[in-house]
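Peer 1: The residues making up each chain are set out below.
Number of protein chains: 2
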Amino acid sequence: MREAYVIGVGMTPFGKFPDKSILALGRESCWEAIKDANIPPTAIEAAYCGHARTGRLLGRECGVGQSILWELGISGIPISSVGNFCASGSTAFRDAWLAVASGLYDLVLAIGVEQLTARATKGKPLTSDGVELLTAMGFSPPTFFAQMAMRHMYDFGTTREQLAMVAVKNRKNACYNPRAQYRKEVTIEEVLHAPVIVEPLTLLSCCPTGDGGAAAILASKKIAKKYSSKPITVAASVLRSGEYKQGREITSLGATVKGAQEAYERAGIGPQDIDVAEVHDCFTPAEIVHYEDLGFCVKGEGGRFIAEGHSQIGGKVAVNTSGGLLSKGHPLGATGIAQIAEIVWQLRQQAGERQVAGARIGLTHCAGGFQESLELAEVSSVTINILKI
Amino acid sequence: MREAYVIGVGMTPFGKFPDKSILALGRESCWEAIKDANIPPTAIEAAYCGHARTGRLLGRECGVGQSILWELGISGIPISSVGNFCASGSTAFRDAWLAVASGLYDLVLAIGVEQLTARATKGKPLTSDGVELLTAMGFSPPTFFAQMAMRHMYDFGTTREQLAMVAVKNRKNACYNPRAQYRKEVTIEEVLHAPVIVEPLTLLSCCPTGDGGAAAILASKKIAKKYSSKPITVAASVLRSGEYKQGREITSLGATVKGAQEAYERAGIGPQDIDVAEVHDCFTPAEIVHYEDLGFCVKGEGGRFIAEGHSQIGGKVAVNTSGGLLSKGHPLGATGIAQIAEIVWQLRQQAGERQVAGARIGLTHCAGGFQESLELAEVSSVTINILKI
Numbered sequence: 010m011r012e013a014y015v016i017g018v019g020m021t022p023f024g025k026f027p028d029k030s031i032l033a034l035g036r037e038s039c040w041e042a043i044k045d046a047n048i049p050p051t052a053i054e055a056a057y058c059g060h061a062r063t064g065r066l067l068g069r070e071c072g073v074g075q076s077i078l079w080e081l082g083i084s085g086i087p088i089s090s091v092g093n094f095c096a097s098g099s100t101a102f103r104d105a106w107l108a109v110a111s112g113l114y115d116l117v118l119a120i121g122v123e124q125l126t127a128r129a130t131k132g133k134p135l136t137s138d139g140v141e142l143l144t145a146m147g148f149s150p151p152t153f154f155a156q157m158a159m160r161h162m163y164d165f166g167t168t169r170e171q172l173a174m175v176a177v178k179n180r181k182n183a184c185y186n187p188r189a190q191y192r193k194e195v196t197i198e199e200v201l202h203a204p205v206i207v208e209p210l211t212l213l214s215c216c217p218t219g220d221g222g223a224a225a226i227l228a229s230k231k232i233a234k235k236y237s238s239k240p241i242t243v244a245a246s247v248l249r250s251g252e253y254k255q256g257r258e259i260t261s262l263g264a265t266v267k268g269a270q271e272a273y274e275r276a277g278i279g280p281q282d283i284d285v286a287e288v289h290d291c292f293t294p295a296e297i298v299h300y301e302d303l304g305f306c307v308k309g310e311g312g313r314f315i316a317e318g319h320s321q322i323g324g325k326v327a328v329n330t331s332g333g334l335l336s337k338g339h340p341l342g343a344t345g346i347a348q349i350a351e352i353v354w355q356l357r358q359q360a361g362e363r364q365v366a367g368a369r370i371g372l373t374h375c376a377g378g379f380q381e382s383l384e385l386a387e388v389s390s391v392t393i394n395i396l397k398i
Numbered sequence: 010m011r012e013a014y015v016i017g018v019g020m021t022p023f024g025k026f027p028d029k030s031i032l033a034l035g036r037e038s039c040w041e042a043i044k045d046a047n048i049p050p051t052a053i054e055a056a057y058c059g060h061a062r063t064g065r066l067l068g069r070e071c072g073v074g075q076s077i078l079w080e081l082g083i084s085g086i087p088i089s090s091v092g093n094f095c096a097s098g099s100t101a102f103r104d105a106w107l108a109v110a111s112g113l114y115d116l117v118l119a120i121g122v123e124q125l126t127a128r129a130t131k132g133k134p135l136t137s138d139g140v141e142l143l144t145a146m147g148f149s150p151p152t153f154f155a156q157m158a159m160r161h162m163y164d165f166g167t168t169r170e171q172l173a174m175v176a177v178k179n180r181k182n183a184c185y186n187p188r189a190q191y192r193k194e195v196t197i198e199e200v201l202h203a204p205v206i207v208e209p210l211t212l213l214s215c216c217p218t219g220d221g222g223a224a225a226i227l228a229s230k231k232i233a234k235k236y237s238s239k240p241i242t243v244a245a246s247v248l249r250s251g252e253y254k255q256g257r258e259i260t261s262l263g264a265t266v267k268g269a270q271e272a273y274e275r276a277g278i279g280p281q282d283i284d285v286a287e288v289h290d291c292f293t294p295a296e297i298v299h300y301e302d303l304g305f306c307v308k309g310e311g312g313r314f315i316a317e318g319h320s321q322i323g324g325k326v327a328v329n330t331s332g333g334l335l336s337k338g339h340p341l342g343a344t345g346i347a348q349i350a351e352i353v354w355q356l357r358q359q360a361g362e363r364q365v366a367g368a369r370i371g372l373t374h375c376a377g378g379f380q381e382s383l384e385l386a387e388v389s390s391v392t393i394n395i396l397k398i
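Those sequence lines, one after another, are chains F and B.
So the numbering used here is basically just the index in the first sequence, starting at one, shifted up by 9.
So the numbering used here is basically just the index in the second sequence, starting at one, shifted up by 9.
Same shape as in the complex, but just chain F (with noise of 0.2 Å):
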């Protein structure tokens, strides 16, 4: 195994775009990422393309990568979709990853893409894969996250008001970031007294529906060289499905302890070693219990490590710079890919007015889908990656 490096990305803006085809979003973000690289198109060695729900939403359950790159001119090379909910362009990102680290090619590219616009609203309600029976019995992803709320609250005294400040600091990166979907400051009352979904929930605790595409392409060191002034070493990733066991607790993601454990071991480092972090803030408990399970609080102190400011701009580990789930937007299949765009120009220096001072080593973190379990569910797959300058 040598080092991989990330040398091109690219991301469309996020928000509702029904009457784009999923192909253009992956053909404009794929175009920036290879425009970034400085490479010609075709030195493209083979290609991952991660969806989510494309063949239930749009029919088009397999080829996306291929028809989104024959129109760049781009064919006759290894090309496959991959699925994994939410991490599907952060579990392509790692394949690609793979394909460059194991000396097979020396230039790969990585697409995540999702159009939930165009077709969600006409259909009946799509239940998650593979939690059927937690569904028919009231599960939903809100309803998941809102029992972790709870016990949260519950458990350790954090607080509505901390749980909102999630929603307030991502908004307000997002007012930064000219490729987010919501991009209007929110305040505390404001989420507090926004309509309910599920209790304690509500619209401002939830990401949005969206569409998007993301792209980033990876390179061994000879070529990263010769076409990159400033690759970014990927220095982990690492892919982690849910464990199944009894007794387990909803205030922790137990893939998300054990990945970052793999990740920070890989890579030497620790979570205080983390500059700047984009996490999968479906909801906003969620952010709250990553700080933890990634490391960057002790159990049980999330609340307060929002509320003391830790991970805002300038705070101990900046966490969701470009907005996150919760404003950047979340056409899933892309999120991943977009977390590691956020993290590239973070690292390069590139990202305007949300930049990190001197950040020089960066963590994403995406979870994906549920399976079902005796008492809880479970998450179907987490993916980190650390990238570092």
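Be a bit skeptical, because a hint or two may be false.
If several chains are the same, the list does not tell them apart, and a pair holds so long as it fits within one copy or across any two.
[Claimed, not checked] Below, a list of computed lysine to aspartate or glutamate pairs in the EDC-like style, where the Cα atoms sit at most 20 Å apart:
no., residue 1, residue 2
1, K44, D115
2, K29, D164
3, K325, E80
4, K234, E54
5, K44, E208
6, K193, E258
7, K254, E54
8, K29, E381
9, K44, D284
10, K234, D284
11, K29, E141
12, K397, D282
No lab work stands behind these hints, which were simulated from the structure alone.
Dock chain B against chain F, hints included.
Peer 2: Showing chain B alone in chain F's frame:
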């Protein structure tokens, strides 16, 4: 990159099992592979699960592998979904190969599953993803292969009888395969006079709809030696997508030609060294074209190649000893790994009455999906594996 070995394979019988869950099909095949490899299930370090239509037909677009393995007590490891149309399973196999060959893992599972009967008749007809424009103009997989047949007959004098011989040979082989979907011999006359699907293809020239699962376990040399007395070496594992270009001929798939060249080079052998091959005989003319594209005979000689018996058991290269897609069946995502299983059994001399005497080198060839092109549809992806004892 290091060598990787297949140490266990499994597959369900292929057939119509509308009342069976796709998870049961997956579990059954994984369990057989685990027993065949003689490993503890929890020793598996990562898994890739190939499926092509489970999202559109069953509402399960992600997490299929996680759900299959969960009930076998396997959780916490990296698992993802892989899609590439009919080559989904073989793409998952290649991902598993790379995961071992890279040095990242020592023991990796590849799964392929599909259930086409459960819902296929309830909804509206499924078009091929990515060829919407051509579909509106009358394109479908049978029309593509009918055009291929017509042109091959026109250019090279291939006869309807020679096309029919593919169905007859593969059905005869299937009679000796207890897992095949159709096991009653057919004659050339019966193939020629079956109901016409698209001239010159009749019902017996086309692969059936079916359900099934298949699994393969790959290991590093150290682990292979620990558990297996007969590990099978993966000498090459190649994936290519179709090439976009004008003026190509319909009597050849460029991705097969170039993929085969790459596979033979990596394996250090030539087509004359292949003892047994499983090729993508979705329609009878496809197998004839594959003989030529894989280098088993020269261009235009495919019809004569089968007529002279070179592709039957005992001939130059025994093709589709399992019965092939035409008679063993074609549950899309399962096919590529079922091909691996057949070759592994042949190389271990475990293929019973359909055994190719002394087989030492085998090839699998799987083609998936279509891309729209200016003049013709082009195949979306082709996988080629070379296995040896």
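Peer 1: List, from low to high, the hint numbers that the structure doesn't satisfy.
Peer 2: The structure conflicts with hints 2, 3, 5, 6, 9, 10, although it agrees with all the remaining ones.
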